[in-house]
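This is what each chain is made of:
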Amino acid sequence: MSSAETAAGAAPTAAPWQRATRRAALLRSNARDRAGVRRLRPGVAFAYTLTLAAAALVVTDPLQAAVLLALVVVSLAASRVLRASWPYIRISAYIAAIVLVVNPLFGAGGLDVLWGIDLGLLEIRVTVQGIVFGLASALRLAGVILAFALLNLAVDPDDQLAVMSRLSFRSGLVLSLASRLLPVFSRDAARITDAQRARGVRLDEGRRRDRVAARLPLLACMLTQSLERAVEVAASMEARGYGARRRTRWIRHRRWAIADVITVAATLAAVTALVAGVAADSWSYTFFPLLDDMLPSLLTTAWLVSIISLTVPLLVTRPWRSQSSTG
Amino acid sequence: MLVRRVLAAAAALALLLVLAGCAGEDSGGESVAAAGRPPAAGEVRLVVSRDFGATLLTDVTAPVSGDMSVMRLLAENAAVETQYGGGFVGSIDGLASTYGSVAESDARDWFYWVDGVMADIGAADYDLQGGATVWWDYHAWARAMYVPTALHAFPAPWTGETLPVMTNGDTTALAAWAAANRLELGAAQPLGETPPAAGIVVATAAEAQQAPWLRSRIAGEDGGVELVQFRDGSIDLRALDGTQGPAATGVCLALPNPDDGGRPLLLLLVQESGDLEALLEAVTPAATSAHIAVAVAGGSVMSLPWAAE
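Heads up: the sequence lines are chains Z and S, in that order. Its first residue numbered -2, the first sequence is counted upward by one per residue in the numbering used here. Its first residue numbered 19, the second sequence is counted upward by one per residue in the numbering used here.
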């Protein structure tokens, strides 16, 4: 008898106290894994990560964008989800690369021309200003994408839904389902391609064109699966009485920790500084026709308050403490 | 693997800083306040004003570099925002074009001249030579969209060549004034039926009315705007909206030259020949700076176009 069969056979006969012990061990393990932003209450983490995304969206100075991106990456690492965020990092790197290439080619407003070509109707001039603009856009985009990655990875989707449901239940549900779309699709794709390989389909042989052609049937499978899943989700919601009567709520009470309170205060300070900066036009950096000096914008009050406030939650959640000591 | 990624990110940031550092280098030196002084050979001068020089915003000279364009000179000395792909100036020091956002009759915008001639290409494409004066003025589109010539850079663009003089009067005072302003006068010829190819024209109101080509150019029929009108033998100043202003004893205008747009005629128009000296005293680089034209009326010097207070 294999170990798997043993486990499968043993499970139904396990005593209730054994199951309770295992569940308690699992909960303790989950609690130990919570680090950085994941230690915060869902609503607090939600607000903090959204503020990070807003800050990455608002700033235009390339150095500010770089600092914010670094902060988001450090937050991912501190929350111990850096490895899990690799797909998001890859996607943001691809998009950033496209932005980085396209912007200098078509943003011809700069004066320091590095290279140019006149194609008759179209004149392409690659300028220093265009390249820096492309870099800054790429950094901002990566900052926003990774801030949302932090939100998805650090805040459980059910908790996200719970937070959103207080504002708008239906919108929260749609957002929650949408945010699960990508991981569910990638899991489906992996499962189907595994099944295809098991049946002898040669997906990884031949030239690139052949490999793409071999994967085309996957699209039809994915479409069918997603439609079926949509019906299943709808049926499941209906079976649970969704929309039939007044909605019921299940609330998990969780105590406010000092870190939560400080993070809320810091997030409020950051939001205030961001809004004040918008009102005072502190976030507008000029790329064209000549680049503004980048360093002075690092010394503005709005920026200093914003970046210090956004760094505080990282410190109060004490990500440097080892897993064993945080349990 | 992780180290390589960290190094790549650090390299990207370093590239950003290097590019910013390269682009941040200005074109060779600090700008200094010009205060109406014409630029030296190795300098260019930038004047920024609004309402045809009624309010002066910037007046600086800067060392000229190899690739100094009008846009670079402006961007290095003022906060500039561009539009339409970077070749069009949308705002200078926060003063933005209103074209497209208000009724066309109320629209205001930035216009620029280089050495007395309104530019016909984008500021980013206009390369400057040493000694050039650039004038940016923010004013209404209506009735003043095209003002091809201006006195703003006087004595440019009349320096560096021998100027034929067309006059029926004595040139003694004119010669002294020309020498003081680095202008080289050529042979004098009487005011005739045909315009000169270039140079200086000195005429009384009566003489100007007798010469059809001069009358039509003053009236703006060959391009430009009508800044003065003849009325009962006198020279009346005229606002852009057609309002009649005071009578002037002398007016100095840069008349458009349809045959050679880069060489406007310098017109010294006086009520009587005896008014010439007073007008010549008024035509100096400082008095004409950031102005299209100047006039002497009621004993004082005023800039044109005339505007009611």
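Don't take every hint at face value.
As the list claims (entries may be wrong) - Between beta-carbon pairs, the in silico distance windows are:
| id | chain 1 | residue 1 | chain 2 | residue 2 | range |
| --- | --- | --- | --- | --- | --- |
| 1 | Z | Val99 | S | Ala97 | 25 to 33 Å |
| 2 | Z | Leu179 | S | Thr73 | 51 to 59 Å |
| 3 | Z | Leu296 | S | Ala191 | 58 to 66 Å |
| 4 | S | Ser123 | Z | Gly240 | 54 to 62 Å |
| 5 | S | Ser123 | Z | Leu47 | 23 to 31 Å |
| 6 | S | Ala137 | Z | Leu216 | 37 to 45 Å |
| 7 | S | Ala97 | Z | Leu47 | 29 to 37 Å |
| 8 | S | Ser83 | Z | Gly117 | 47 to 55 Å |
| 9 | Z | Arg244 | S | Ala97 | 47 to 55 Å |
| 10 | Z | Leu116 | S | Thr73 | 25 to 33 Å |
| 11 | Z | Ser233 | S | Gly118 | 50 to 58 Å |
Derived by calculation from the structure, the hints in this document are not laboratory data. Don't be surprised by glycine CBs; every beta carbon is placed ideally from N, CA and C.
Now the hints, each set against the structure:
Our hint of 25 to 33 Å for Z/Val99 and S/Ala97 holds, since their Cβ atoms are close to 27 Å apart. Z/Leu179 and S/Thr73 have their C-beta atoms about 57 Å apart, which keeps the hinted 51 to 59 Å range intact. Look at Z/Leu296 against S/Ala191: about 59 Å separates their beta carbons, and that is inside 58 to 66 Å. Between S/Ser123 and Z/Gly240 the Cβ separation comes to about 58 Å, which falls inside the hinted range of 54 to 62 Å.
For S/Ser123 and Z/Leu47, the Cβ-Cβ distance of about 46 Å falls outside the hinted range of 23 to 31 Å, so the restraint is violated. Between S/Ala137 and Z/Leu216 the C-beta distance comes to about 57 Å, which lies outside the given range of 37 to 45 Å. Taken as a hint, the range 29 to 37 Å holds for the pair S/Ala97 and Z/Leu47, whose Cβ atoms sit roughly 32 Å apart. S/Ser83 and Z/Gly117 have their C-beta atoms about 30 Å apart, which leaves the hinted 47 to 55 Å range violated.
Between Z/Arg244 and S/Ala97 the C-beta distance comes to about 54 Å, which sits within the given range of 47 to 55 Å. Distance hint for Z/Leu116 and S/Thr73: a CB-CB separation of about 43 Å, inconsistent with the stated range 25 to 33 Å. Under the hint 50 to 58 Å, the C-beta atoms of Z/Ser233 and S/Gly118, about 54 Å apart, fit the expected range.
Violation of the numbered hints given earlier is confined to hints 5, 6, 8, 10; the remaining hints are satisfied by the structure.
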